[in-house]
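Take the sequences, apply the hints, and build the full model.
Residue numbers (my numbering), protein chains in the order written: chain A, -8 to 266; chain B, 24 to 418.
No wet-lab data here; the hints were simulated from the structure. Honestly, I wouldn't trust all of these hints.
As the list claims (entries may be wrong) - For the chain A half of the interface with chain B, some residues (derived, Cβ under 7 Å), not all of them:
#, residue
1, Pro11
2, Asn111
3, Val146
4, Asn237
Ideal Cβ positions, reconstructed from N, Cα and C, are used throughout, including at glycine.
Listed below are the residues making up each chain.
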Amino acid sequence: MNRLPDVAVDGIAFWSSRLPGWDIARAVIRGEQPPPTTSNPRPAPALLAPTERRRAPDTVAIALEVASRACESAGVAPAELPSVFASTHGDLAISDHMCATLATSPTLISPIKFHNSVHNAAAGYWSIGTGSVAPYTAISAFEHTFGAGLLEAAVQAACAQQPVLYVAFDIEAKGALATVAQSRGLFAVALVLSPADGRSARRMAMQMRSVDAVSLTPSRSPAAALVADNALAPCLPLFEALAQTNDATVDLSLGHKVILSVALSLRESLIQRLP
Amino acid sequence: MRFQPLRITAFTVCSAAGDGREATLQSLRTRRGGLTPNDFSATPLPTWIGRVPGLESDALPAHLSDWDCRNNRLAWRGLCSDGFLDAVAAASARYGAKRIAVVIGTSTSSIGASEDAYTRLDPDGRYPADLRRSIIHTPHSPGDFVQQALQLDNTSVTVATACSSSAKVFAQAERLIRCGLADAAVVGGVDTLCGSVLFGFNSLELVSPGRCQPFDVARRGINLGEAAGFALLEREAARGSWLLGYGESNDAYHMSSPHPEGRGARLAVQEALRRAEISAADVDYINLHGTASHKNDEVEARVVADTFPESTFASSTKGWTGHTLGAAGIVEAAISLLALEYGVLPGTLNLDTPDPACGPQIRQQNEQRSARRALSFSFGFGGSNCVLAFGRSDL
Chain A
-8 MNRLPDVAVD GIAFWSSRLP GWDIARAVIR GEQPPPTTSN PRPAPALLAP
42 TERRRAPDTV AIALEVASRA CESAGVAPAE LPSVFASTHG DLAISDHMCA
92 TLATSPTLIS PIKFHNSVHN AAAGYWSIGT GSVAPYTAIS AFEHTFGAGL
142 LEAAVQAACA QQPVLYVAFD IEAKGALATV AQSRGLFAVA LVLSPADGRS
192 ARRMAMQMRS VDAVSLTPSR SPAAALVADN ALAPCLPLFE ALAQTNDATV
242 DLSLGHKVIL SVALSLRESL IQRLP
Chain B
24 MRFQPLRITA FTVCSAAGDG REATLQSLRT RRGGLTPNDF SATPLPTWIG
74 RVPGLESDAL PAHLSDWDCR NNRLAWRGLC SDGFLDAVAA ASARYGAKRI
124 AVVIGTSTSS IGASEDAYTR LDPDGRYPAD LRRSIIHTPH SPGDFVQQAL
174 QLDNTSVTVA TACSSSAKVF AQAERLIRCG LADAAVVGGV DTLCGSVLFG
224 FNSLELVSPG RCQPFDVARR GINLGEAAGF ALLEREAARG SWLLGYGESN
274 DAYHMSSPHP EGRGARLAVQ EALRRAEISA ADVDYINLHG TASHKNDEVE
324 ARVVADTFPE STFASSTKGW TGHTLGAAGI VEAAISLLAL EYGVLPGTLN
374 LDTPDPACGP QIRQQNEQRS ARRALSFSFG FGGSNCVLAF GRSDL
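Here is the structure:
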């Protein structure tokens, strides 16, 4: 059995430097407005205290932004949700800073930079900011990261029979590290997933499929060019499907020889309840 | 879908306390720890470390050379110990490579290779040619390496929640199996010594100048260590110790300090007991997180004193291995499994005068006695907690 019980999509959030929110991203995907030509400054993580807000790393700022928006869109209290945080490379800017400092003056490593360098920093700040003691996890799976995180979130929703917050993010590589870890701009997305029932307006049926050669759903919308060089770009086909109201199947990468096939379906009578 | 206990049909561990189960067991029995004065990096800090000897001259098989780095060499050392490769090959023949998932924990993956690159950048500011391999400069390095080395074709994920990482892998793998997405899973963890953690923990003033002394009133901080460990989890198997349950939680308190009352730790313990359908009195042995940092040990000692009866035998084995960070979960899971299998309950090495917060549960000396159920505690930065519950094979 490779098929998961259906999950409902209760909340959606999206933030990238050129598409700073789900409303605008959806409109650009649908061709309702032209792609913006300017970049936006990173969002301010309102969950953090003012002093922490300024010095929060970019990873934390964008992850907390989409996590909050997804919960708002789902109408759920953040503190109650278990969460899955996924990032291909984690905080590339801090990794560059740490490696450069270690190469020249290792005893000058900053304690704040060090504790912000852990892969679960964004998840940690989220749990502190929301007061949530519900478990979080922080994962990575290289180019399969988005699919692996989505699968883990859906698996958790199925096992615990409760809504789960899924957050994925990647930032721009800096310094010498940028020559081996390719990622540009800031990009984060989030979903609130719950076990599907009769009241679910949008549901996803996920299936893990073994394949000899991986063939993935390509990005087709005008939004693609705006996020294509970020390590999280493999998530875009799913958000392109979520922006439309027709049923669709999206094949996401899950491993060298396995894909996550996500069939989205909509109950027309409930379209007004879509996130 | 209800949780069902899983069998652990093979496991292995390599740390400063020994390469493989037999050597580890011998170190525990003879109370011979693996900590040595720090000789790591060009400018070693005055501390002690749990270093695995000989990694510098280890080599990976030619077909895995793209993954070569200290962290993956240690992973390979672990995979080659205790017949683990054969056990996975047999499981793969039984279930098919596409039915065995890989979930690996780490805190820093192979960041040591990136640190090395930054000391040898070419005139254009690029990595030296020998280190231009993207996979070893990204967090998924160990998860991808283990999957490639074992030739498995299901999903492979790297969990990086600091020091709870390779405890949480048991939970994630169990959920995959419960949902029918895999019949078996290789779980484990790998972390190696590197500048980031030595100088990073030093910047937080958490590193001890001498040998670490978990739960001692005079403890002065942690000793960093490195380790690899792996376990094979199966749903349908006739033998092997049990994964009885697990509990995951967060402190929601501070990025680098535990909650003063151990709120998250208590939740994780209760959740593990609930899932395992046992009470605190059923727990014979606890392998504590016991890092020898001031705050962790004080808070953890209180949680143990408040929760468990005097008969529960609890100890920290960091005095043997050092704090192996993202590998601590699997190392201490392996020690807990050895305790159940052989009745060797390790005391707390380097503990002379217990902190006043310690109850009678926290022991200094080893004991040889039968144990049927064990817990292993792992608590990490960002307030991430995980408690694992194990049962002896004959349970």
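Hint check:
Violation of the interface hint for Pro11 of chain A is found here, the shortest Cβ-Cβ separation to chain B being roughly 26 Å, above the 7 Å cut-off. Interface hint at Asn111 of chain A: satisfied, since its Cβ lies 4 Å from the closest Cβ of chain B, which is below the 7 Å cut-off. This hint holds: Val146 of chain A has a C-beta 5 Å from the nearest C-beta of chain B, less than the 7 Å allowed. The criterion of a C-beta within 7 Å of any C-beta in chain B is not met by Asn237 of chain A, whose closest approach is roughly 28 Å, and the hint is violated.
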